[in-house]
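Using the numbering used here, the letters of the sequence shown map in sequence onto residues 1 to 567.
Just so you know, the hints here were simulated from the structure itself, not pulled from any lab data. Mixed in with the good hints, there may be bad ones.
Stated by the list, open to error - Here are the computed lysine-lysine pairs in the DSS-like style, where the Cα-Cα straight-line distance is at most 25 Å:
1) 422 with 519
2) 422 with 445
3) 534 with 519
4) 531 with 419
5) 419 with 469
6) 422 with 527
7) 258 with 419
8) 93 with 67
9) 422 with 480
10) 534 with 422
11) 534 with 469
12) 531 with 445
13) 419 with 519
14) 527 with 537
15) 445 with 527
16) 531 with 480
17) 368 with 537
18) 368 with 419
19) 419 with 365
20) 480 with 469
21) 422 with 258
22) 469 with 445
23) 445 with 419
24) 365 with 445
25) 480 with 534
26) 537 with 480
27) 534 with 419
28) 537 with 519
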Amino acid sequence: MAERSTAAVDVADNSGEKPSAAKAAKATTDGVAKAQDAADTSGAAAGSERQDAASGGTEPDLHSGHKLARRYRLEECVTRLDGFSSWRAVDEKLRRAVGVHILPSDHPRARSVLAAARSAALLGDPRFVQVLDAVEENDLVYVVHEWLPDAVELTALLAAGPLEAHDAYQLVSQVSQAMTAAHREGLAHLRLTPGAVLRTSTGQYRIRGLAVNAALRGIRADRPQRTDTEAIGALLYAALTQRWPYETDAYGLSGLPKDVGLIAPDQVRAGVHRGLSELAMRALVNDGATASRQEPPCTTPDELAAAVAEMPRVRPPEPAFTAPPDYQRTTYQQGTYGQPQTLPHTAVIPPVVVPPPPLQSRTGKALKWTVAALLIAALGLGSWQVADHVLNRDESADPTPTQQSTQNDDDKSATKPGKPIKIVNARDFDPLGQDQSENPEDLQKAYDGDPSTSWHTSAYFSSDFGRLKSGVGIILDLGKVQQVGTVDVSFLGGTTGVELRAASADTQSEPTSLDAFSKVAEGSGEKVALKPGKELKTRYVLVWLTDLPSEPGGNYRGKVSEIQVTS
């Protein structure tokens with residue numbers, strides 16, 4: 001088993017100097033202290049370590065309903081520990097829920113907490129729970145951060161069982177990439193536990209407490225990148241096995257059996273993905289004590305993110321097919337509908353009665369001749385009226401042959417509608433995303449002829465896809481190279497930016513990169529007619545969303561209800 005190091009971080013204050021850190025007790029890099037915090041209240045994350053023998057400072061007298069800066073109303077205390085407390089609160093100015101950490105200004109860690117919060121706020125990465133405010137006033141220091149009501153802690157997810165291989169792959173991929181970006185800006189987490197990782201309703205993982213959680217508890221590390229890398233490895237190990245990779249129980253998970261050392265996840269639980277199992281070991285045993293079959297250890301989040309990128313992509317599981325129930329016989333059904341029927345040998349098939357031909361009687365024949373005569377008379381009268389109208393028009397104006405030809409051509413072009421082109425197949429197109437997939441299970445709803453159904457993108461935190469990518473879209477396969485006149489796209493809630501892109505006419509197979517498509521039209525609104533500026537012949541067209549409209553709740557999402565292609 002790898003040696004465990006002391007977790008520590010230095011955060012510069014406003015003056016640029018490093019504040020003196022409170023003396024920290026020895027703690028393992030997996031975030032489990034040798035002695036549990038006796039001061040934890042209900043709602044505090046399990047496994048919090050006590051870093052100071054005495055926190056110092058006078059704990060403020062706070063209660064539900066108390067207001068900070070006449071704006072943040074405290075609702076519920078979720079943690080009270082070492083002289084600081086954490087609360088769920090309401091921002092009455094913006095009418096949204098927020099989280100608040102509060103400690104007295106004379107607390108020995110108040111300066112470092114304030115500096116860590118301001119540094120984390122400058123990162124601005126949407127993969128982290130954002131710090132919204134960091135203030136010192138009225139003998140208090142408080143840090144305000146986002147509150148995500150629709151997100152679920154990894155602790156709660158693991159309580160229900162281990163994650164699917166695809167979910168575990170997304171976890172290690174997104175968290176390692178996020179921590180790589182943080183370390184590039186000189187920020188470390190040092191308390192990357194299951195309670196610090198949240199999964200949103202769209203499947204995105206977000207990390208809370210960057211730098212701040214460690215500063216609140218006085219945690220430091222001599223090698224912060226290695227500490228965070230091993231913590232990510234522990235998260236992946238727990239996601240694959242529902243076990244904590246150390247002998248001590250933590251975060252509601254059972255530890256490994258004593259005296260067996262650190263064993264690979266695929267030896268703890270059957271059916272674990274082999275590549276992810278080895279990846280967890282490379283991150284956990286990052287002091288070089290790796291087994292012969294393993295690759296070199298990962299000692300930084302950047303190395304771990306690169307190792308994730310090199311391994312084959314783990315695809316989501318195929319949706320399980322549920323057979324429709326057999327039709328049940330009711331009192332309204334005669335026979336056994338939907339089941340094979342056999343006739344007994346003695347069955348008598350009733351003769352089919354052929355009805356007599358209509359209007360074969362004398363009265364019927366007379367009626368037919370009368371109707372025929374009336375039709376002939378009506379046709380004759382109509383022809384005479386048409387001829388009279390044409391003659392009168394010719395007398396009033398005699399247009400030149402050139403003008404007459406032009407008018408006839410215009411009439412033909414105006415009355416000739418575009419013929420609908422069948423969409424043979426379609427595929428979600430997300431070449432810039434992490435998993436290169438965007439809700440493929442709902443894709444047929446975008447061209448099923450039913451405007452009430454729709455394919456939608458994932459939810460993002462801004463109209464520009466959270467600054468994660470430049471767009472997503474749908475590739476339409478028309479079956480063969482055809483003349484494309486107009487692509488009509490209907491949106492639920494409208495769109496603020498959509499482009500029509502097309503592959504060249506000589507493209508033999510479906511393109512896989514955005515560069516293979518050329519932009520031929522663009523627009524916005526609820527019903528957008530995308531018409532190329534010049535003649536377009538292609539087999540593959542791309543409806544490419546470049547900007548997303550907002551939806552209730554503060555997220556941004558595109559919803560395509562119907563696509564029609566005409567020649």
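Hint check results:
For the given pair, residue 422 sits about 22 Å from residue 519 by alpha-carbon distance, which is consistent with the 25 Å threshold. Distance hint between residue 422 and residue 445 is fulfilled; the C-alpha atoms sit about 15 Å from each other, no more than 25 Å. A C-alpha spacing of about 12 Å is found between residue 534 and residue 519, which places the hinted pair at or below 25 Å, so the restraint holds. Between the alpha carbons of residue 531 and residue 419 the distance comes to roughly 14 Å, so the proposed pair stays at or under 25 Å and holds.
The straight-line distance between the Cα atoms of residue 419 and residue 469 is roughly 35 Å, outside the 25 Å bound, and the hint therefore fails. Distance restraint check for residue 422 and residue 527: the Cα-Cα separation of roughly 19 Å lies within the 25 Å cut-off, and the hinted pair is therefore satisfied. Taking the CA atoms of residue 258 and residue 419, the gap is about 73 Å. The hint is violated against a cut of 25 Å. The suggested pairing of residue 93 with residue 67 holds, with an alpha-carbon distance near 12 Å, which does not exceed 25 Å.
Proposed proximity of residue 422 and residue 480 is supported: the alpha carbons are some 10 Å apart, at most 25 Å. Our distance criterion of 25 Å between C-alpha atoms is met by residue 534 and residue 422, whose separation comes to about 21 Å. This hinted pair does not check out: residue 534 and residue 469 have alpha carbons roughly 29 Å apart, beyond 25 Å. A distance of roughly 22 Å separates the Cα atoms of residue 531 and residue 445; the hinted pair therefore holds under the 25 Å criterion.
Among the hinted pairs, residue 419 with residue 519 is consistent with the structure: their alpha-carbon atoms are about 23 Å apart, no more than 25 Å. Between residue 527 and residue 537, the direct Cα distance comes to roughly 23 Å. Compliance with the 25 Å bound is thereby established for this hinted pair. Only pairs whose Cα atoms come within 25 Å are accepted, and residue 445 paired with residue 527 is accepted, the gap being roughly 16 Å. The straight-line distance between the Cα atoms of residue 531 and residue 480 is roughly 19 Å, inside the 25 Å bound, and the hint therefore holds.
About 53 Å separates the Cα atoms of residue 368 and residue 537, which puts this hinted pair outside 25 Å; it is violated. Straight-line distance between C-alpha atoms of residue 368 and residue 419 comes to about 40 Å, which puts the hinted pair past the 25 Å bound. Between residue 419 and residue 365 the alpha-carbon distance is near 44 Å, which puts this suggested pair outside the 25 Å criterion. Of the pairs offered as hints, the one joining residue 480 and residue 469 is violated, with about 30 Å between alpha carbons and a cut-off of 25 Å exceeded.
Taking the CA atoms of residue 422 and residue 258, the gap is about 64 Å. The hint is violated against a cut of 25 Å. A threshold of 25 Å between alpha carbons decides the hint, and for residue 469 with residue 445 the separation of about 24 Å falls inside it, so the pair holds. With a C-alpha separation of about 22 Å, the suggested pair residue 445 and residue 419 falls inside the 25 Å cut-off, and the hint holds. Taking the CA atoms of residue 365 and residue 445, the gap is near 54 Å; set against the 25 Å cutoff, the hint is violated.
Straight-line distance between C-alpha atoms of residue 480 and residue 534 comes to about 19 Å, which keeps the hinted pair within the 25 Å bound. A distance of roughly 10 Å separates the Cα atoms of residue 537 and residue 480; the hinted pair therefore holds under the 25 Å criterion. The straight-line distance between the Cα atoms of residue 534 and residue 419 is roughly 18 Å, inside the 25 Å bound, and the hint therefore holds. Distance hint between residue 537 and residue 519 is fulfilled; the C-alpha atoms sit about 14 Å from each other, no more than 25 Å.
Taken one by one, the earlier hints fail for this structure at numbers 5, 7, 11, 17, 18, 19, 20, 21 and 24, listed in ascending order.
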